[in-house]
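A.B. asks: Residue numbers (my numbering), protein chains in the order written: chain A, 1 to 69; chain B, 1 to 69; chain C, 1 to 69; chain D, 1 to 69; chain E, 1 to 69; chain F, 1 to 69.
Hints are supplied without guarantee of correctness; some may be wrong.
Unchecked claim - Beta-carbon label-pair distances, calculated as ranges: (1) A/D45 - C/A34: 20 to 26 angstroms; (2) B/E20 - E/D45: 37 to 43 angstroms; (3) D/T68 - C/R10: 29 to 35 angstroms.
Said to hold, decoys possible - Some chain B residues judged to face chain A by a derived CB distance under 7 angstroms, without partners named: (4) V47; (5) E50; (6) D51; (7) W52; (8) G53; (9) V54; (10) G55; (11) G56; (12) P58.
Stated by the list, open to error - These stretches of chain A come out as covered by chain B in the derived footprint (C-beta under 8 angstroms, 3 or more residues): (13) 7-16; (14) 52-63.
I should point out that these hints are in silico values taken from the structure, not numbers from a laboratory.
Bear in mind that the values here come from a model prediction, so they are computed numbers and not experimental data.
Beta carbons: idealized from backbone N, C-alpha and C, even for Gly.
6 protein chains.
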Amino acid sequence: MPYVNVKITREDVTPDQKAEIIAGVTDLLARVLAKDPAATFVVIDEVALEDWGVGGLPVHEYRRRRSTT
Amino acid sequence: MPYVNVKITREDVTPDQKAEIIAGVTDLLARVLAKDPAATFVVIDEVALEDWGVGGLPVHEYRRRRSTT
Amino acid sequence: MPYVNVKITREDVTPDQKAEIIAGVTDLLARVLAKDPAATFVVIDEVALEDWGVGGLPVHEYRRRRSTT
Amino acid sequence: MPYVNVKITREDVTPDQKAEIIAGVTDLLARVLAKDPAATFVVIDEVALEDWGVGGLPVHEYRRRRSTT
Amino acid sequence: MPYVNVKITREDVTPDQKAEIIAGVTDLLARVLAKDPAATFVVIDEVALEDWGVGGLPVHEYRRRRSTT
Amino acid sequence: MPYVNVKITREDVTPDQKAEIIAGVTDLLARVLAKDPAATFVVIDEVALEDWGVGGLPVHEYRRRRSTT
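Given these sequences and hints, build the entire structure.
C.D. replies: Listed below in structure tokens is the structure:
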């Protein structure tokens, strides 16, 4: 009975893409570890760009600097 | 000093129900493990139906298929 | 289909106490929100004292200072 | 830059199976959302059976009752 | 490649304060553990007051009672 | 009352380094957001190298390939 939490930045992810991620993760755990899909939970968190940091900067600022260098 | 995270689907949960969950979890840990309520944090996350998957499907789709079979 | 994560310090918690916490949290969510116990996951994490900080100190140090003042 | 946390029960999962899960989740996010694998973290937590509850019972007890009914 | 999740109550935290937290955590891990900032993720979650419990009460109620006693 | 979770790979991190991280994160939140240290929890998780993936590979394999190219 796996529990999987997927955190991604909030950037126009569609319901169809979310469904694809849910299906893909569930299939993977069924295939590799024989986990029962009916007992596999997948929770997706979309995180606002200002709430996600990398390189010591919020993501949008991090990207801006990288694109201008 | 416990930290408890409760993830549930977002489906019209009222502030009173949340307060009941917070009180119930805190009481439980005080009773079973003698944890100090003042040092017990409970964080509730409501997750949109499209962001929660089970059986390889988003919850709403999972329920729809189960109800029609 | 709730998912609950309970983090507590690792201090001689017995399997019976863990079972009591699992039962208590599951009952609470069934009572307050009518959640199906069969679709309720509870995961307990025991955290070593040196890995848990409060008041800017590891727990054991925090307790030591409080008990001597 | 996704972060994925996979929680499974601790039951003789091999390093090869873990590597397969890491590869599978990373490929999925690259394919569906064009996420850069080099910026995709996957963290696997194996949880002891006595620390995972379902149906209001620790997993081993839950399975035992289901197999005898 | 650390992953840090900061959960705080939602109370008028500004983007600048979030940026300061992201920078501060990343610098700390670089300084203490020589972690590469480019491989350090910091995710901030702001939690509504009704979803955060302490002392067995939602935060706003907890504060109200403390201020009146 | 912040809750901070720091996940790092398990690589000879000392108790002193952990104490420094706990102190640093707590100070940061007190300075930037005026959070009370006594109500700030910091939980450190050390993750085995085989349980942490990046670039679609377990960390040790990821590093090995990068160092040989």
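A.B. asks: Against chain A, with CB atoms and a cut of 7 angstroms, does the hint on B/G53 hold up?
C.D. replies: At 3 angstroms from the nearest chain A Cβ, B/G53 passes the 7 angstroms test, so the hint holds.
A.B. asks: Check whether three or more residues of the region 7-16 of chain A sit with their beta carbon closer than 8 angstroms to a beta carbon of chain B.
C.D. replies: violated (count 1)
A.B. asks: Can the hint on B/V47 be confirmed by a CB-to-CB distance to chain A that is less than 7 angstroms?
C.D. replies: Because about 6 angstroms separates B/V47 from the closest Cβ in chain A, which is inside the 7 angstroms limit, the hint holds.
A.B. asks: Could one say that the CB atoms of A/D45 and C/A34 fall in the range 20 to 26 angstroms?
C.D. replies: Taking Cβ atoms as reference, A/D45 and C/A34 lie about 25 angstroms apart, which means the hint holds.
A.B. asks: Given a hinted range of 29 to 35 angstroms, is it respected by the beta-carbon distance of D/T68 and C/R10?
C.D. replies: holds (32 angstroms)
A.B. asks: How about B/W52: closest beta carbon in chain A under 7 angstroms, or not?
C.D. replies: holds (6 angstroms)
A.B. asks: Return the status of the interface hint for B/D51: holds when the least beta-carbon distance to chain A is below 7 angstroms, violated otherwise.
C.D. replies: holds (4 angstroms)
A.B. asks: Do B/E20 and E/D45 keep their Cβ atoms within the hinted range of 37 to 43 angstroms?
C.D. replies: Roughly 23 angstroms apart at Cβ, these two residues miss the hinted range, so it is violated.
A.B. asks: Under 7 angstroms, Cβ to Cβ, is where B/G55 needs to be relative to chain A, so tell me if that hint holds or is violated.
C.D. replies: holds (5 angstroms)
A.B. asks: With 7 angstroms as the cut and Cβ atoms as the points, is B/V54 at the interface with chain A?
C.D. replies: This hint holds: B/V54 lies near chain A, its Cβ roughly 6 angstroms from the closest one there, short of 7 angstroms.
A.B. asks: Any CB of chain A closer than 7 angstroms to the CB of B/P58?
C.D. replies: Holds - the Cβ of B/P58 comes within 7 angstroms of chain A, reaching about 5 angstroms at its closest.
A.B. asks: Does the nearest C-beta of chain A fall within a distance shorter than 7 angstroms of the C-beta of B/G56?
C.D. replies: holds (4 angstroms)
Violated hints for the displayed structure, listed by number in ascending order: 2, 13, 14.
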